[in-house]
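Residue numbers (the numbering used here), protein chains in the order written: chain A, 1 to 424; chain B, 1 to 424; chain C, 1 to 154; chain D, 1 to 154.
These are computed hints drawn from the structure, not numbers from a lab.
Glycine included, each C-beta is placed from N, C-alpha and C at the ideal position.
Hints may be right or wrong, so weigh each one.
[What the hints assert, rightly or not] Examples of chain A residues toward chain C, derived with CB under 7 Å:
{"hint": "1", "residue": "67"}
{"hint": "2", "residue": "68"}
{"hint": "3", "residue": "70"}
{"hint": "4", "residue": "179"}
{"hint": "5", "residue": "273"}
{"hint": "6", "residue": "274"}
{"hint": "7", "residue": "283"}
[Stated by the list, open to error] Label pairs and their calculated CB-CB ranges:
{"hint": "8", "chain 1": "C", "residue 1": "83", "chain 2": "A", "residue 2": "284", "range": "57 to 65 Å"}
{"hint": "9", "chain 1": "A", "residue 1": "129", "chain 2": "B", "residue 2": "274", "range": "49 to 57 Å"}
{"hint": "10", "chain 1": "A", "residue 1": "198", "chain 2": "C", "residue 2": "49", "range": "56 to 64 Å"}
{"hint": "11", "chain 1": "B", "residue 1": "61", "chain 2": "A", "residue 2": "180", "range": "50 to 58 Å"}
{"hint": "12", "chain 1": "D", "residue 1": "17", "chain 2": "B", "residue 2": "274", "range": "26 to 34 Å"}
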Amino acid sequence: MTRLPGLLTAPDQLLDEAIRKDFPLLDRTVHDGKKIVYLDNAATSQKPRQVLDALNDYYEQHNANVHRGVHVLAEEATALYEGARDKVAAFINAPSRDEVVFTKNASESLNLVANMLGWADEPYRVDHETEIVITEMEHHSNIVPWQLLSQRTGAKLKWFGLTDDGRLDLSDINEVITEKTKIVSFVLVSNILGTVNPVEAIVRRAQEVGALVLIDASQAAPHMPIDVQALQADFVAFTGHKMCGPTGIGVLWGRQELLEDLPPFLGGGEMIETVSMHSSTYAPAPHKFEAGTPPIAQAVGLGAAVDYLSAIGMDKIAAHEHAITSYAVQRLLEVPDLRIIGPTTAEERGAAISFTLGDIHPHDVGQVLDEQGIAVRVGHHCARPVCLRYGIPATTRASFYLYSTMAEVDALVDGLEHVRNFFG
Amino acid sequence: MTRLPGLLTAPDQLLDEAIRKDFPLLDRTVHDGKKIVYLDNAATSQKPRQVLDALNDYYEQHNANVHRGVHVLAEEATALYEGARDKVAAFINAPSRDEVVFTKNASESLNLVANMLGWADEPYRVDHETEIVITEMEHHSNIVPWQLLSQRTGAKLKWFGLTDDGRLDLSDINEVITEKTKIVSFVLVSNILGTVNPVEAIVRRAQEVGALVLIDASQAAPHMPIDVQALQADFVAFTGHKMCGPTGIGVLWGRQELLEDLPPFLGGGEMIETVSMHSSTYAPAPHKFEAGTPPIAQAVGLGAAVDYLSAIGMDKIAAHEHAITSYAVQRLLEVPDLRIIGPTTAEERGAAISFTLGDIHPHDVGQVLDEQGIAVRVGHHCARPVCLRYGIPATTRASFYLYSTMAEVDALVDGLEHVRNFFG
Amino acid sequence: MKLDSMYQDVILDHYKHPHGRGLRDGDAEVHHVNPTCGDEITLRVRYDGSRIADVSYEGQGCSISQASASVLNDLLVGKELAEAQKIQGTFLELMQSKGQLEPDDAMEEVLEDAVAFAGVSKYPARVKCALLSWMAWKDATAQALDGPAQKETA
Amino acid sequence: MKLDSMYQDVILDHYKHPHGRGLRDGDAEVHHVNPTCGDEITLRVRYDGSRIADVSYEGQGCSISQASASVLNDLLVGKELAEAQKIQGTFLELMQSKGQLEPDDAMEEVLEDAVAFAGVSKYPARVKCALLSWMAWKDATAQALDGPAQKETA
Ligand SMILES: Cc1ncc(COP(=O)(O)O)c(C=O)c1O
Ligand SMILES: Cc1ncc(COP(=O)(O)O)c(C=O)c1O
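Use the sequences and the hints to build the structure in full.
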């Protein structure tokens with residue numbers, strides 16, 4: 001239970017613990033009154049009262065279908081929905097609000113790009129003469145869509161491997177990304193390893209060969225300032241539920257000219273300009289990619305979430321998490337038999353830490369931690385190739401967010417001690 | 001303001017107006033204190049307190065990502081999410097819970113089927129030698145996906161026309177549905193005409209030629225008992241937000257052997273069995289079709305919605321709406337220059353009534369009604385081919401639901417009188 | 001009544017008795033649609049050098065979109081392009097003002113009948129109706145002048 | 001402590017000292033995966049007529065899935081198929097009981113060590129771990145017996 005004073009980062013890096021009061025779930029108790037220690041933030045985040053209020057206000061006061069109405073409610077709902085788009089655009093510094101497409105989650109955003117490229121005309125078209133590049137540390141949601149595209153078009157799927165210390169191996173970058181490459185899609189922050197990837201090197205090479213770049217920012221947007229212009233990517237995908245927003249909402253940002261040139265994916269209401277039985281024309285982006293009634297309340301909730309995060313400050317949130325992560329890495333490395341899978345320093349890493357504990361299976365680690373009220377995730381974390389790469393069946397993963405505390409890190413370390421005793 | 005007593009259906013067909021108290025939005029006032037008269041239910045329904053409570057309870061007490069967790073919250077969230085699947089399965093009398101796929105809306109459900117068939121192996125594969133059949137009264141969400149599929153595969157798109165009184169013209173059914181037909185997709189209840197279509201005749205012919213049948217029940221599931229086994233279709237699609245549920249959730253029901261045989265659509269987390277960089281295998285349905293973090297809270301909300309509707313009774317709701325619709329049709333037909341687009345009796349029709357009012361443009365009708373607090377929808381209602389068919393630019397549509405009252409019908413008719421005076 | 005601020009008599013007059021309606025000869029034709037309501041307009045422009053010789057149109061839509069096309073015809077036909085662009089810019093500014101802008105004398109001088117649309121700017125769903133013909137005119141003008149113009153200077 | 005109801009000593013013993021582990025000759029082999037956690041098992045069965053001559057297995061997984069495979073080996077090897085199916089059915093019933101079922105003497109007689117899994121049935125995420133090897137056995141048995149059996153009777 002001792003917090004090692006020598007390891008403490010300057011306390012002024014930490015956010016005021018008062019923000020925990022904004023999150024009703026953090027008061028939840030489990031297993032006979034144990035206060036929950038929620039360390040499963042890479043899976044999904046908890047929601048502040050402000051976001052829940054926005055959802056309730058939407059449903060109780062303004063609920064209507066968007067766009068096609070002249071009545072007051074329809075106008076209010078449309079203003080709220082499109083207002084959320086403005087907020088998200090500002091949050092990621094998009095040059096234009098029309099570059100923000102709302103989807104149901106990051107997975108849909110990633111599939112959307114894969115499908116657009118499969119149906120695109122030249123110069124974007126992915127076909128049997130072209131190549132797709134991903135990495136070995138992708139989330140399944142950034143692997144399977146490309147496997148499907150590759151199977152269906154004959155394009156070749158290639159990837160960057162990993163170094164022993166959990167970073168991308170870019171030593172063969174010129175062989176992996178070639179003149180045949182049409183798209184390079186990679187994760188900004190790995191959800192299993194915690195690694196923050198070197199965007200610039202990859203983007204530079206992709207631009208050299210004229211390939212498009214898609215960045216999976218699902219584990220980045222919640223935790224650090226995101227500036228799509230600075231990233232210099234063509235597309236950026238992320239998901240609402242990991243960044244204090246509701247489930248059921250994701251974002252795809254894309255460069256305007258691409259969104260204009262690329263073909264639609266899902267067809268239906270809202271995405272059209274004019275329809276006859278013989279043919280249809282499509283609305284301009286972003287609507288072209290939003291078929292059917294969109295996740296209206298969920299977009300409004302995401303808007304409230306980015307307001308909440310911005311009010312605190314993404315740089316402050318990043319600093320807080322860096323402090324927590326540094327402390328956690330150090331303390332975890334003191335646990336006997338514990339092996340961190342991924343970078344073992346807090347530099348260029350996010351707030352998700354995967355580890356193994358001797359030969360105790362992660363399932364058993366998670367179970368015993370749960371009994372103490374500590375919620376971590378165990379398994380492949382939708383990144384099975386990483387487990388294969390490191391020859392491990394699975395990992396236990398603790399992941400932090402803006403409301404995580406040093407005391408929760410201590411609770412985790414104590415909990416692991418208990419796990420070792422239990423299976424000792 | 002006079003309610004014509006002769007036209008009143010037996011009052012015991014009507015639901016108790018006390019249920020209006022369940023819907024917070026119905027207390028909303030607009031334009032200086034006018035209580036809202038919400039007649040835009042075909043666009044989206046209002047949400048009962050019970051559904052909002054379920055959402056809040058989920059986020060405040062149980063929020064976690066589903067499936068992959070051993071901790072208490074993950075187990076609770078999974079149980080709630082999968083419990084919602086059980087509820088929806090029971091609501092539509094599905095033979096198996098595994099036949100219920102959660103999507104983001106009906107549009108995604110419809111696109112999902114179109115894409116599955118495009119990538120399927122024989123005997124399901126849609127290609128340039130095969131035909132697709134829809135109808136002229138489809139919602140754009142059941143037209144555009146088939147136009148896209150037809151463009152991308154070379155399959156021929158055919159459709160049933162409409163009779164002058166707003167019903168399907170099935171006189172040429174044997175020429176429209178032929179041995180080449182792979183899929184027949186049609187709407188059970190039209191969102192613009194209100195027509196209830198004759199399922200049996202179409203299904204019988206489709207079965208004769210071995211074509212699959214997809215029914216768009218978006219305007220049916222909210223309003224009448226749905227029994228997928230009695231419908232004898234292969235797929236049924238509907239959407240949560242029109243049936244007292246949240247936005248961001250839709251349903252595709254599909255026969256188990258089809259869901260097993262057909263290929264996946266979106267790829268990603270949750271839909272896989274095992275992933276390596278070289279290849280992946282997929283989870284059994286329904287998970288195969290649910291890539292990424294699903295709309296968890298929204299599914300839970302939809303579960304609460306079907307509980308709410310079932311507690312009242314779908315047959316009672318249908319009877320209530322039938323009574324309201326009969327009265328509304330009669331009263332509207334008394335308005336000078338008013339022309340109903342669609343069936344002019346309440347038989348075999350749903351609770352959405354489209355009309356034109358002389359040559360006053362629907363936009364203007366809607367605006368003047370709005371000023372009186374009456375919310376109707378105006379435009380094409382995502383069914384432009386219907387407007388083309390009847391040679392009208394657009395319609396005004398009033399649509400009712402379980403909380404609609406006779407007094408609201410009266411308010412509409414009075415409002416239309418006011419519109420006529422304004423533009424007289 | 002609030003509605004009267006949208007449906008000014010001037011607007012209803014133009015709606016009932018549209019000026020310059022019908023398609024006549026032109027240098028370019030465009031077809032614009034407002035997908036949110038289905039309003040449609042086909043519009044042709046004819047230029048006499050940089051002078052607008054004619055704007056002719058046909059379409060279907062609500063009172064606001066129809067009246068706006070009629071007012072456009074009144075205001076722009078006979079004007080020099082530069083002046084027409086100024087009028088268009090001023091009208092756009094008014095329509096995007098969300099009801100916050102009270103047209104002053106200078107604006108009234110530029111917009112004439114079109115100031116009657118000030119009330120429409122409070123209704124976001126209707127702003128697009130009011131702008132439909134103006135956007136079509138801008139597009140048609142670009143086609144009429146750019147196309148040949150570029151050819152000539154190239 | 002509640003955990004002890006899941007991690008009975010019997011289970012931990014089987015986990016640490018699994019019985020019959022390793023792949024040996026068989027009539028059929030299956031590979032089962034629990035995608036929710038990544039547990040995997042490869043399992044072979046060998047039949048001697050309708051008697052189970054051997055169940056051999058290899059895999060990776062948590063204490064529950066490993067112990068369950070070990071218990072399965074103990075219980076089923078040497079049994080007649082019919083009896084094995086009865087044991088499997090009883091085990092399934094216990095695992096699906098959500099902690100509501102208190103094993104009685106009759107059940108204990110059938111399940112022997114496997115009654116120790118009663119506590120696991122309270123943990124839905126772990127029920128699949130406990131059932132992994134049992135489902136694999138059922139599948140392997142179907143393949144071993146149906147395949148040749150059908151050929152013989154055909
Ligand atoms: C008949 C019909 N089909 C499909 C849809 C599409 O539903 P959603 O917009 O929720 O995808 C609707 C409603 O908009 C509809 O009325
Ligand atoms: C790196 C990464 N990419 C993509 C995803 C997919 O996000 P979602 O499940 O919301 O679609 C996740 C999270 O699950 C993730 O961590």
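> Can you list which hints this structure breaks, lowest number first?
Replying inline: 4, 8, 9
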